[in-house]
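Listed here are the chains, written in short residue letters.
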Amino acid sequence: MNRKPSLFSRLMTGLIFLFLYAPIFVLIIFSFNNSKSRSVWAGFTLDWYDKLFHDQMILDALYTTLAVSVLAAVIATVAGTFAAIGFYNMKKRWRTPLMTVNNIPMVNAEIVTGVSLCLFFVAFFNLWGDFAHWVNGAFGLQLPEQLYLGFGTMLIAHITFNIPYVILSIMPKLRQMDKNLVDAAQDLGCTWMQAFWKVVVPEIKPGIINGLLIAFTMSVDDFVISYFTAGSSTANLAMRIYAMTKKRISPEVNAVSTLLFVTVLVLLVIINVREARQERAAAKQRIT
Amino acid sequence: MPKELIRLANCTMAFDGEVVLDNINLYINDQEFLTLLGPSGCGKTTTLRIIGGFQTPTQGDVFFDGVRINDVPPHKRTINTVFQRYALFPHLNVFENIAFGLRIPKTDPESRRKVKLPESEIQERVLEMLKVVNLKGFEKRAVSSLSGGQQQRVAIARALVNRPKVLLLDEPLGALDLRLRKDMQIELKRIQQAMGITFIYVTHDQEEALAMSDTVVVMDEGKIQQIGTPEDIYNEPKNAFVADFIGESNIIDGIMRADGVVEIFNRRFQCLDKGFAKDEPVDVVIRPEDVDIVPEGQGQLKGTVTSVTFKGMQYDIIVDFYGFKWLIQTTDLSPVGSRIGIKIDPDGIHVMKKSHYSGMFGDYSSYSEEYEEISDADYDPEAEDQEAEHEEE
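Residue numbers (our numbering), protein chains in the order written: chain A, 1 to 288; chain B, 1 to 393.
Since the hints were made in silico from the structure, they are not lab data.
Some hints could be false.
To be verified - Here are the simulated DSBU-like cross-link-like pairs (lysine-lysine), alpha carbons at most 35 angstroms apart as the crow flies:
| # | chain 1 | residue 1 | chain 2 | residue 2 |
| --- | --- | --- | --- | --- |
| 1 | B | Lys114 | A | Lys198 |
| 2 | B | Lys325 | A | Lys205 |
| 3 | A | Lys198 | B | Lys136 |
| 4 | A | Lys91 | A | Lys4 |
To be verified - Chain A residues, not near chain B, derived (Cβ > 12 angstroms throughout):
| # | residue |
| --- | --- |
| 5 | Leu20 |
| 6 | Gly43 |
| 7 | Tyr63 |
| 8 | Leu188 |
| 9 | Ala195 |
| 10 | Thr245 |
| 11 | Ala281 |
Note that this is a predicted model, so its numbers are computed, not measured.
Beta carbons: idealized from backbone N, C-alpha and C, even for Gly.
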């Protein structure tokens with residue numbers, strides 16, 4: 001039998017990679033192009049990047065992106081860690097269906113998540129408006145009666161879609177943990193909370209950090225869900241890029257997209273290297 | 001007069017309505033080495049976890065030094081545990097594992113303030129403990145780099161360094177190989193005597209229980225079957241389960257004809273047991289080593305040898321008496337097929353009341369299979385896991 005891949009399958013592989021990566025490659029190259037043209041190379045320049053960092057709209061979007069991503073990642077990680085521990089301590093007959101429910105949002109179409117969150121927020125704002133109106137009238141308070149989509153709603157949305165990823169990255173670490181470790185810590189004088197900090201957290205730390213990184217990565221480049229929940233006054237980088245492509249397209253778009261691409265790429269490399277290392281360490285431990 | 005330290009009074013434990021412990025009554029003396037012995041699923045680990053405070057009995061009370069401790073959490077009990085498969089903290093080295101309990105601030109009973117031990121005392125106590133368990137010089141090692149036996153010692157040191165009144169040990173030698181297990185048995189007994197601490201030891205290995213314990217508690221089906229010294233348990237088993245679980249036994253149906261006279265296979269034997277009703281049906285235990293082989297004509301019973309296994313110190317032979325197969329241990333070879341007679345001294349016969357275990361054990365007709373089961377007393381982690389999983393539910 002011919003063990004070598006046939007010419008055809010090699011050609012197909014090549015084509016797939018070409019279609020996947022050539023556009024990104026071109027995008028990156030032309031972010032350094034010393035011309036507005038997107039087809040003719042006119043020499044190397046960093047002008048577009050320079051311009052980027054003097055564009056207030058871009059800087060605002062960058063700030064929003066970082067703020068949302070960092071906050072959402074941290075909050076989702078804390079919530080997800082405790083949720084994972086809750087799942088872990090559940091009886092199997094409850095845990096299995098709940099884990100399935102946890103996994104659905106990850107495969108769910110983003111647009112559905114985005115639209116449903118948007119509708120949820122709007123519905124909540126209406127109820128809130130009535131409530132605030134009543135409170136203000138009855139107690140003479142100055143609660144805002146009209147709430148808007150904005151940074152807060154976008155943050156809540158990001159936290160929501162990040163939590164399942166955090167849970168998913170922590171669960172295996174909990175399962176690998178010796179069931180008796182918490183008992184042992186309590187036996188040696190710890191309260192449950194002390195046992196959690198002194199034993200459980202160090203044991204699942206790799207999972208927590210991976211969850212944090214994944215959550216951050218998901219948030220940094222999110223467009224669809226942000227688009228539906230950020231309202232009209234707030235925009236993150238992805239939304240900014242989308243807005244820029246609607247008008248005259250300048251190579252600034254290339255530059256900002258390149259930055260986003262490189263950020264996510266670096267994060268993914270870090271996550272994968274960490275996971276591979278942990279797997280190797282776990283395999284080593286099994287042998288000894 | 002030994003002082004009572006722990007008492008379980010009418011303790012029942014049920015998980016989802018399934019009774020795992022059924023009305024257990026047990027007291028444990030200060031400085032005693034007590035073993036809970038039984039097959040997996042018998043409730044021994046649950047009993048240990050109740051004493052440790054990891055589970056609260058569904059019914060009944062637990063007393064420590066006369067004080068009811070049902071609701072005292074594990075971290076407030078002066079009891080420490082050596083867990084199955086050790087449960088060492090993988091992210092800490094040997095020193096920090098042992099120092100773990102010492103580093104937790106304790107409430108001072110007088111000032112009611114949290115007090116931390118001074119570093120110098122921690123240092124001193126950990127190093128002293130390392131000496132006790134023969135691990136001097138291992139302080140800086142990662143626990144994952146240690147052998148099973150060494151990890152075991154760290155687990156013991158980690159528990160003992162807190163100077164508990166009671167040490168609970170949950171199948172601590174289960175994962176070690178036979179040679180190491182024997183060494184550790186002696187080691188554990190030495191530590192227990194040197195430190196004067198009460199040990200409560202859980203195992204399914206009857207040899208281990210007999211070799212180490214002051215008191216053995218045999219459990220099955222969530223009930224205590226018998227409590228006694230190793231000698232009592234071996235020589236005077238209360239029912240067929242205990243007789244079969246502890247050592248090898250031929251268990252035969254008999255009828256008590258009078259005090260000191262029991263009838264087996266329509267022949268009367270002298271025995272030392274008294275206090276049964278006249279003509280009461282009983283279970284008779286005869287240990288394989290208590291049977292003397294004599295020429296056929298001189299025997300109280302006559303039978304045919306059906307199988308011979310060389311065991312080094314002795315031969316295990318199976319002899320067919322009137323269709324019932326006995327295991328006899330002898331140093332003289334009797335070839336398969338030969339006819340032999342046997343004699344049993346009165347002190348080689350032990351008579352037991354009938355129980356619901358009667359007829360379940362003690363026949364060696366299916367010897368080879370049963371033998372496999374017995375020699376396979378090795379630790380079976382999967383069975384244990386199932387048990388643990390079950391208890392979790």
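Okay, the hints, checked on the actual structure:
1. Note on Lys114/B and Lys198/A: the hinted pairing holds, with a Cα-Cα distance of about 18 angstroms set against a maximum of 35 angstroms.
2. Proximity of Lys325/B to Lys205/A is assessed by CA-CA distance (about 60 angstroms); at most 35 angstroms being required, the pair is judged violated.
3. The straight-line distance between the Cα atoms of Lys198/A and Lys136/B is roughly 26 angstroms, inside the 35 angstroms bound, and the hint therefore holds.
4. About 50 angstroms separates the Cα atoms of Lys91/A and Lys4/A, which puts this hinted pair outside 35 angstroms; it is violated.
5. Every C-beta of chain B lies more than 12 angstroms from that of Leu20/A, the closest at about 40 angstroms, which supports listing it as non-interface.
6. Residue placement check: Gly43/A keeps its beta carbon more than 12 angstroms from all beta carbons of chain B (closest about 54 angstroms).
7. Every Cβ of chain B is farther than 12 angstroms from the Cβ of Tyr63/A; the closest lies at roughly 37 angstroms, confirming the non-interface assignment.
8. Consistency note on Leu188/A: stated as away from chain B, yet its beta-carbon is not over 12 angstroms from all of that chain's, at 4 angstroms minimum.
9. Once the 12 angstroms rule is applied to beta carbons, Ala195/A is inconsistent with being away from chain B; the minimum gap is 8 angstroms.
10. Every C-beta of chain B lies more than 12 angstroms from that of Thr245/A, the closest at about 49 angstroms, which supports listing it as non-interface.
11. Not every Cβ of chain B is farther than 12 angstroms from the Cβ of Ala281/A; the closest lies at roughly 10 angstroms, contradicting the non-interface assignment.
The earlier numbered hints that this structure contradicts are 2, 4, 8, 9, 11.
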